[in-house]
Structure formats: C-alpha cells, structure tokens
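Peer 1: Count the sequence shown with numbering that gives the first Met the number 0 and you get residues 0 to 521, in order.
To be clear, the hints were calculated from the coordinates, so they are not data collected in a lab. Mixed in with the good hints, there may be bad ones.
Only pairs whose alpha carbons sit at most 25 Å apart, straight line, appear in this in silico DMTMM-like list of lysine to aspartate or glutamate [claimed, not checked]:
#1 120 - 176
#2 185 - 206
#3 438 - 340
#4 244 - 263
#5 417 - 316
#6 158 - 221
#7 244 - 280
#8 438 - 175
#9 417 - 355
#10 438 - 336
#11 244 - 385
#12 417 - 314
#13 438 - 355
#14 185 - 164
#15 118 - 129
#16 438 - 280
#17 438 - 456
#18 158 - 129
#19 158 - 124
#20 438 - 237
#21 438 - 498
#22 244 - 383
#23 417 - 221
#24 244 - 382
#25 417 - 324
#26 185 - 131
#27 438 - 358
#28 438 - 129
#29 158 - 21
#30 244 - 25
#31 158 - 138
#32 185 - 129
#33 185 - 314
#34 185 - 124
Each pair of labels, with its calculated beta carbon distance range [stated by the list, open to error]:
#35 338 - 52: 24 to 30 Å
#36 271 - 248: 49 to 55 Å
#37 322 - 111: 50 to 56 Å
#38 502 - 1: 20 to 26 Å
#39 156 - 265: 44 to 50 Å
#40 236 - 338: 26 to 32 Å
Note that this is a predicted model, so its numbers are computed, not measured. Where is the CB? At the ideal position from N, CA and C, for every residue including glycine.
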Amino acid sequence: MLLELRGITKTFGPLVANDRIDITVEPGQIHALLGENGAGKSTLMNVLYGLYDPDEGEILIDGTPVTFRGPGDAVAAGIGMVHQHFMLIPVFTVAESVALGYEPVGPAGVIDARAAAAKVKEISDRFGFDLDPRAYIRDLPVGAQQRVEIIKALSREAKVLILDEPTAVLTPQETDELMAIMRDLKAAGTSIVFITHKLREIREVADTITVIRRGRVVGTAEPTASASELAGLMVGHEVSLRVDKEEASPGPVGLALRGVSVIDDGVPLLDDVTLEVRVGEILGVAGVQGNGQTELGEVVLGLTAPLTGTVSLGETDITRMSVHERLGAGLGFVPEDRSTDGLVAGLSIAENMILDRYDDPVFGRGPALSPARVRANAERLREEFDVRVTDVSDPISTLSGGNQQKAILARELSRPLKALVASQPTRGLDVGSIEFVHKRLVQERDAGAAVLIISSELDEVYSLADRIAVMYRGRVVGVVDPATPRDVLGLMMAGATLDEALARTDHDAPAQAGASTPEEDR
0 MLLELRGITK
10 TFGPLVANDR
20 IDITVEPGQI
30 HALLGENGAG
40 KSTLMNVLYG
50 LYDPDEGEIL
60 IDGTPVTFRG
70 PGDAVAAGIG
80 MVHQHFMLIP
90 VFTVAESVAL
100 GYEPVGPAGV
110 IDARAAAAKV
120 KEISDRFGFD
130 LDPRAYIRDL
140 PVGAQQRVEI
150 IKALSREAKV
160 LILDEPTAVL
170 TPQETDELMA
180 IMRDLKAAGT
190 SIVFITHKLR
200 EIREVADTIT
210 VIRRGRVVGT
220 AEPTASASEL
230 AGLMVGHEVS
240 LRVDKEEASP
250 GPVGLALRGV
260 SVIDDGVPLL
270 DDVTLEVRVG
280 EILGVAGVQG
290 NGQTELGEVV
300 LGLTAPLTGT
310 VSLGETDITR
320 MSVHERLGAG
330 LGFVPEDRST
340 DGLVAGLSIA
350 ENMILDRYDD
360 PVFGRGPALS
370 PARVRANAER
380 LREEFDVRVT
390 DVSDPISTLS
400 GGNQQKAILA
410 RELSRPLKAL
420 VASQPTRGLD
430 VGSIEFVHKR
440 LVQERDAGAA
450 VLIISSELDE
460 VYSLADRIAV
470 MYRGRVVGVV
480 DPATPRDVLG
490 LMMAGATLDE
500 ALARTDHDAP
510 AQAGASTPEE
520 DR
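Using the sequences and the hints given, assemble the complete structure.
Peer 2: Below is the structure:
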C-alpha cells in the first residue's frame, strides 16, 4: 500500500503543530519520523489514524484521496497504530484484548472465544511473538504487552503500522526484540511508520528518515547519515553527543544508605543495600529495570520505610524524616515517572515549579501565595532552564515531555542541595533535551552536591558516572569504575560479582579510566 500525506496542517489555537507536511511511505518500507518531543510527530500520526481532523491537506492511499472520520475508518483502510501508552485492559486476556471491538461471532450468535484465541496464536507463531492467548495483560511484562498491541493491529489486516515511540518504556533487551519484529514485519510486506528520537534505533532499522522540527519537515536522510548529522537536523544546531565533564574531585560522604532492606509480601525488594555517594561525584546505578532501582529512590526520598538500615544526608540521619523534611534538609529528587510522581497535571507551570516550596515565605505569607511572586519565579526559571512555554500560567500538561522534565529540574535545582537523586532523568527525551539535562546534572556535581543517577540506559550511566553501582535482585553486586568493559558490566547486571564477570571474559582487569564508550552511536 502506497501512503501519501500532502500538505497536512493542524493547529491548536495559536499553536501550529503541523505545517504543510508532505510524507510518502512506500510499500514494505520502514519510514522513520525523527524529531524532538513536541516537534509534531505524534500529532501528524493522530491525523493519519483519524483521531484528529486536518485543517488543511489530504491523505492518499494508492493515489486515491481518503477521509478518516475516526480510527475505525483508518483501520478499515489498512492502517494500525500502537500508541506510546498502551490501550490495554489489565484484567483481560491477550485474546480478549486483541478481539475487543472486533469479536468473532459463532453460529449461535455468541462470541467465539476459540476463534479469537486461534487468531492470536496464528499471528504470534508467524512472527515468533511467543504469547499465550490465555495470559492476562496484568501479568505480562511491558515488552509482551507491546506485542499484544502489534497483534491487535495485524489481526485487523493492517498494511501500514504506526509505532509511536515504541521503545520509550522498553528495556534494552526488549528493544532488540522489537527491532527484530520490525524487520520480520517488513519482510512480510507491512509498511512501518516509526516515530522516535533515538538515533541508534533509527540507524539500525530505518529505510528512510524524515526529520520534523517545530511542525515542519526540515529534511530527509538515509540511515547511513551520522548520528551528529541527524541530531543537528533534529534540533537545528550542532549537538554534542558526549558529556563534557572534568574529572571528579569527591569530598566527604553526602548521601549514604547502610544495610537498607525493604520487603514486600515476603519478597526482598532491597536486600542489605549499602551505598555511599560523595560530595562532588556522580554515582550511577546500573541494572535491568525491576531489580530494586525504583525502591532505592523511594527509600532515599522517604516514600518507602526500610525494614532495616539507615539513610543519611551528610552527617544527618534522615531515616525517620518525612518527605517534606528531607526536601527541606537539602535533598533534591527527580522521579522516574514525571507525569505521576513529579507533576500535578491540573496545576499551572508556575505552580508546579514551587510544589516542594509552597510554604517558603518568599512566595507569600501564611497560607496565601503571592501570584506575582510565583509567576516571577517561573519566568526566571523558564529562562535559565530553557523551558519552552507559551505562558507560565498554562497547565503543565500542555508541555512536551522534554519541557516537563526541564520544569522538574528547574524546581529541584532552584534551591541549594546537599544531594540530588535523579531517577531515569532522560527517559523519553530527545537528544537536545538529553544534552541539556546532562549538563545540568554535571553542573550540580561540580557545585558540590552528591549526585545519584538511577538509569536503565547503560550509555547514560557510562557517560555521567564517576563510579557505577550494579544492582541485581535488590542487591548491590559491586561498585566499579566507569572504564569497566561493557561485557563485564553486563554479566554483573545478570548477578555475577566483578571477579566472576572478569573470570568469564577475556579481561584481566577493568579498562583504564578514560576509555571511550560508543556515545556517537546513541
């Protein structure tokens, strides 16, 4: 199926989300849309999928103009979409989720559950998805849930499959599996529109690349283009893909966990964790997501009380302090889920920038806030942290993911900190926003804070960390130098100690400090 978008324009009030966009997707092609968060990629695909009506322009299939009044029309025309946030019901089985809205009906006029399950199994076997039609969605890992969404689209005979930021919530292993699935789909004749801002993935699977910046197509490229060239097209200026930082000069311990254990229903989520982060250094925590990293951040912030052990900020034991008291004592925290834990969607940008400082006398007296002072604070921070907003009185939910993350950083770094915990600090961000966030984290280290970075992105840990702690099943299996080879670190992430990992590789000892890492491929 030949798909063409011609002159697509979509506005929301004064905001021009799509500005006369032209794109052609050839049959059996993986066509990547590359751009920053907020560039207009998802809006364009929502127009294609019938969720939005274009203000101008037309959609053509095999040369014939079509009009979609809703997703049902798009599905009927052979277009499927897997959204970044999955549209699945946790208590449904895989077969029920796939059949929902298109349930097969047997001779007696009732839903044919066997036919639904057989359809899922046939598609799953054809592409090696390894999904049990009887499994419940709530019991599946994120990568498997995404495969359910893909099966759902294929069961409706999608000839063009839209994948909107499909790797934003996947582990590196799940991402590799998705890349293989995309190649198999292409080989079977399915066209794929791949929305992403991750350069490595684009260069790995795309046949052609269209770059969108601020609602406009600014160029096309082949996957052979360098990461620097693609990044420059995406953000409009030269971008450094390396973190520029001086060697750390660590001082005394600024943040410490000693013998911390957390148990839930008899399962140890943290198992006798001892970590020290020194003033003027970045300690990176590496590990496959789900090995205690989330609980580690929650214990430091005070959201989870440890069964055993202590947490200290400098020389102060904060184990029994409330969250508010810890923040007031000089702890900064960037949560891994900015939408749920970092922001209040219904509040304005300005109000979100004082969430943990609402009782500061600088913003008012007693229970009454000064709108003028709250606004002035937000205006100052938007300039300093390059938060791109129309008006700071707008709801925070109107901002792109990258700008929401900048707003959280602005709030947390707007006061003197003794320690900063940043969990998944660049998850879902584009290269321009990643570069900015990394610079600010390094600046905070250099200003004398103890910085703890928890990230499932191994490239990020290597780039930022002065030391790396590796977690597996709630335990710290070792703390190593960032020059440690990746295959050694990978074995440690699977539970091996440093000595065991070295014994199973060709390395006699970790590489010398300063060894390069493949950041250019990011």
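Peer 1: Give a verdict on every hint.
Peer 2: We went through each hint and held it up to the structure:
Distance hint between residue 120 and residue 176 is fulfilled; the C-alpha atoms sit about 18 Å from each other, no more than 25 Å. Proximity of residue 185 to residue 206 is assessed by CA-CA distance (about 10 Å); at most 25 Å being required, the pair is judged to hold. At roughly 23 Å between alpha-carbon atoms, residue 438 and residue 340 fall within 25 Å of each other, so this suggested pair holds. For the suggested pair residue 244 and residue 263, the alpha carbons sit about 40 Å apart, so the restraint of at most 25 Å is broken.
Distance restraint check for residue 417 and residue 316: the Cα-Cα separation of roughly 13 Å lies within the 25 Å cut-off, and the hinted pair is therefore satisfied. Pair hint residue 158 plus residue 221 holds up; C-alpha atoms about 23 Å apart against a cutoff of 25 Å. The suggested pairing of residue 244 with residue 280 holds, with an alpha-carbon distance near 11 Å, which does not exceed 25 Å. Between residue 438 and residue 175 the alpha-carbon distance is near 29 Å, which puts this suggested pair outside the 25 Å criterion.
Simply put, residue 417 and residue 355 have alpha-carbon atoms about 16 Å apart, close enough for the 25 Å limit, and the pair holds. For the hint linking residue 438 to residue 336, the alpha-carbon distance of about 21 Å falls within 25 Å, and the restraint holds. Taken as a hint, the residue 244 and residue 385 pair is honoured in the structure, with Cα atoms around 21 Å apart against an allowance of 25 Å. Of the pairs offered as hints, the one joining residue 417 and residue 314 holds, with about 11 Å between alpha carbons and a cut-off of 25 Å not exceeded.
Distance check on the hinted pair: residue 438 and residue 355 sit about 23 Å apart at the alpha-carbon level, within 25 Å; holds. A distance of roughly 18 Å separates the Cα atoms of residue 185 and residue 164; the hinted pair therefore holds under the 25 Å criterion. The straight-line distance between the Cα atoms of residue 118 and residue 129 is roughly 13 Å, inside the 25 Å bound, and the hint therefore holds. Between the alpha carbons of residue 438 and residue 280 the distance comes to roughly 14 Å, so the proposed pair stays at or under 25 Å and holds.
For the proposed pair residue 438 and residue 456, the alpha carbon gap of about 17 Å is at most 25 Å, so the pair holds. For a cut-off of 25 Å, the pair hint linking residue 158 to residue 129 stands: about 22 Å separates their Cα positions. Using a Cα cut-off of 25 Å, the hinted pair residue 158 and residue 124 holds, with the two alpha carbons roughly 19 Å apart. Taking the CA atoms of residue 438 and residue 237, the gap is near 15 Å; set against the 25 Å cutoff, the hint holds.
Restraint check for residue 438 and residue 498: the C-alpha separation of about 34 Å exceeds 25 Å, so the hint is violated. Distance check on the hinted pair: residue 244 and residue 383 sit about 20 Å apart at the alpha-carbon level, within 25 Å; holds. About 46 Å separates the Cα atoms of residue 417 and residue 221, which puts this hinted pair outside 25 Å; it is violated. With a C-alpha separation of about 23 Å, the suggested pair residue 244 and residue 382 falls inside the 25 Å cut-off, and the hint holds.
For the hint linking residue 417 to residue 324, the alpha-carbon distance of about 13 Å falls within 25 Å, and the restraint holds. Between residue 185 and residue 131 the CA atoms are separated by roughly 24 Å; this keeps the pair inside 25 Å, and the hint holds. Of the supplied pair hints, the one linking residue 438 and residue 358 is violated, its CA atoms being roughly 29 Å apart against a limit of 25 Å. For the hint linking residue 438 to residue 129, the alpha-carbon distance of about 42 Å lies beyond 25 Å, and the restraint is violated.
Distance check on the hinted pair: residue 158 and residue 21 sit about 20 Å apart at the alpha-carbon level, within 25 Å; holds. With a C-alpha separation of about 44 Å, the suggested pairing of residue 244 with residue 25 is violated against the 25 Å cut-off. Restraint check: the Cα-Cα separation between residue 158 and residue 138 comes to about 29 Å, which exceeds 25 Å; the hinted pair is violated. Proposed proximity of residue 185 and residue 129 is supported: the alpha carbons are some 19 Å apart, at most 25 Å.
With a C-alpha separation of about 58 Å, the suggested pairing of residue 185 with residue 314 is violated against the 25 Å cut-off. Between residue 185 and residue 124 the CA atoms are separated by roughly 16 Å; this keeps the pair inside 25 Å, and the hint holds. A hinted range of 24 to 30 Å holds for the C-beta pair residue 338 and residue 52, which are about 27 Å apart. At roughly 30 Å, the beta carbons of residue 271 and residue 248 sit outside the given window of 49 to 55 Å.
For residue 322 and residue 111, the Cβ-Cβ distance of about 52 Å falls inside the hinted range of 50 to 56 Å, so the restraint holds. A beta carbon spacing of about 56 Å between residue 502 and residue 1 contradicts the range 20 to 26 Å that was offered as a hint. Roughly 47 Å separates the CB atoms of residue 156 and residue 265, a value that falls within the hinted 44 to 50 Å. Taking 26 to 32 Å as the suggested C-beta distance range, the pair residue 236 and residue 338 conforms, at roughly 28 Å.
When held up to the earlier numbered hints, the structure conflicts with 4, 8, 21, 23, 27, 28, 30, 31, 33, 36 and 38 and fits the remainder.
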